[in-house]
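Chains as they are written, first to last, in full-length UniProt numbering: chain A, 1 to 480; chain B, 1 to 130.
I should point out that these hints are in silico values taken from the structure, not numbers from a laboratory. Only a predicted model underlies this, so the values are computations on that prediction, with no experimental measurement involved. You may find that some hints are simply not true.
Here are the in silico distance ranges between beta carbons for each label pair [unchecked claim]:
{"#": "1", "chain 1": "B", "residue 1": "F104", "chain 2": "A", "residue 2": "S99", "range": "23 to 31 Å"}
{"#": "2", "chain 1": "A", "residue 1": "G168", "chain 2": "B", "residue 2": "N70", "range": "37 to 45 Å"}
{"#": "3", "chain 1": "B", "residue 1": "P93", "chain 2": "A", "residue 2": "K141", "range": "43 to 51 Å"}
{"#": "4", "chain 1": "B", "residue 1": "F104", "chain 2": "A", "residue 2": "G53", "range": "41 to 49 Å"}
{"#": "5", "chain 1": "A", "residue 1": "Y296", "chain 2": "B", "residue 2": "D15", "range": "55 to 63 Å"}
{"#": "6", "chain 1": "B", "residue 1": "G25", "chain 2": "A", "residue 2": "T214", "range": "46 to 54 Å"}
For each residue, glycine too, the CB sits at the ideal point set by N, CA and C.
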Amino acid sequence: MEQLKRLATGIEGLDDLLKGGLVAGSSYIVQGRPGSGKTILANQLAFNHVATGGRVLVATLLSESHERLFQYLSTLSFFDPALVGNQLQFVSAFDTLESEGLEAVVKLLRGEIGRQGASLLIVDGLLNARSRAENVLDTKKFISELQGHAAFAGCTLLLLTSSRLDDGSPEHTMVDGVIELGEDLYGARSVRRIQLRKTRGSGALSGVHECEITEQGLKVYPRLEALYSHPSSPGSEVLTRVGTGLASLDGLLGGGFPSASVSLAMGPSGIGKTSLGLSFLAGATVAEPGLHFGFYETPQRLRIKARAIGIDLPALEKSGAVHLAWQPTTEGLLDGVGARLLSHVRKHRIKRVLIDSLGAFARLATNQGRLNEFFRALMGELRAEDVTVLATWEMRDLFGSEINAPASELSSIVDNLFLMRFVELDAELKRLLSILKVRDSEYDPALLELVIRSTGIELDKAFVQASAVMSGTASSAQGA
Amino acid sequence: MSTILVVDDEYVIADILGYALEDAGYKVEKAPNGKTALDVLEKVRIDLVITDYMMPIMNGEELAKAIRSNAQFADLPVILMSGAQASIGKAIPDLFSAVFDKPFDTASMVARVRAFIGVAEAGRDTPELQ
């Protein structure tokens, strides 16, 4: 199979979508409404291309001045004015288009590609070419001539347009790829999106992907389930045990969590899920470090919480045994946060992760319908890295006999399920921990009382003499 | 009447600067690139050139070099107006009589033009009238 030569965009995530970059020498349309990020995408690509030794010609068919463009590009970290006028040329073809027409523009650009020795040509304002064209054939001719001259010079062509051209438009039929940028509203929240509407000669990741524009420019977050439709490695074949941090729980589980498994601790607020997770993390070592991937508690609050159960979190952090990654934003993008988790795991060779909480993670989704696929891909990838995961799930009811499993699509991604409840017994409020499910392993189904002390968490088989414990209102079995 | 040649591929800038210079009493010629500017110089008597740097076909630096290499234009003031490439112009003072960073204030450009070729009505041959 031939491998096509790629022109890497250097834009985070976009090269993953494009399976390595734009096909060198091909032509692409970048379309989206004003403000959708086309100009940033194109210029970021231009500066990145120069950084890898390329030369770029940016030609505009619009009347807007380049100085205005430079002014707002200067707020972005990739913009380097020293390159402008050298490796990066900006020319205006507006006047030529207006006074001499499309043919003259093609002639001008052909000359400029050669003069600049450009390996990338960006033409902004494709719609103006269409308005100047007398008929569809003119537009087609304009594009095909530009494509011809660019391809002949080994130059990749990017055509920017603010109109939403449909799939059947002459422009679309002629180019090799169409990248569409847009924005969608979810309640009051606006989320940028990118879609490869057409890609020739590559196994690009189709569908809609979320993206954002930061000071570093455009960042694309490929849908995790598309990116990792197959886990990137098979993971270990040897099943070992990873200590839960609690000797008594290890005993019930036959030595600990199965390695590279996903466990979910469900329970109401205040039951001790994070404390259980911190005990798990405290078992991490410098050789096999742990990661707290949290959504609620700041690192400061987490350290206080750890200290209250006798865990010296700062010491673990300092040694490199535990890393904290707090997601401060309530408006993160699901795939962006997933990618961040994986990046932490790979960077620090993390072997155990506490996701606190999975519910907060899931709430980032703009489309709940893809959560199952998303988490399956994420957990599959963590498994491929031999990471043992403990996640928490907050249940709504403090008491009550009803126990709602997390959405069924989530339980299928979880290997081991733990339920934590408040139980009233003998005029005392107790914390209960029970194992509901352990995949492919024996376990002791005893109900455990979880006691949080300043020296740590303790688990006791405390409910041997009681019945109806799971209902939340236990009764002592002795009298029965 | 003194004539000024404004060279810029971005017609909006050429227009705005052209109007300001015309308001100040100068006659203005325009060219969209260095090559066309040289053609204009052949045909029209120009007293001062204001040029952009980045342009198709022939850029501002190439234009200034062509002007300087022609004895006929040895004393012709050439002003560079450019944003990102102003530093290039400053690095070669032999080529450019002055360098303006875009965006600039047209009044200060007009004042600079006056300093080079005198007030518009006076013309460059009778600077003592100013």
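Status of each hint after checking the structure:
1. F104/B to S99/A: 23 to 31 Å: With a Cβ separation near 26 Å, F104/B and S99/A satisfy 23 to 31 Å, so the hint holds.
2. G168/A to N70/B: 37 to 45 Å: With a Cβ separation near 55 Å, G168/A and N70/B fall outside 37 to 45 Å, so the hint is violated.
3. P93/B to K141/A: 43 to 51 Å: holds, 47 Å
4. F104/B to G53/A: 41 to 49 Å: violated, 34 Å
5. Y296/A to D15/B: 55 to 63 Å: 58 Å Cβ-Cβ, so the 55 to 63 Å window holds.
6. G25/B to T214/A: 46 to 54 Å: holds, 50 Å
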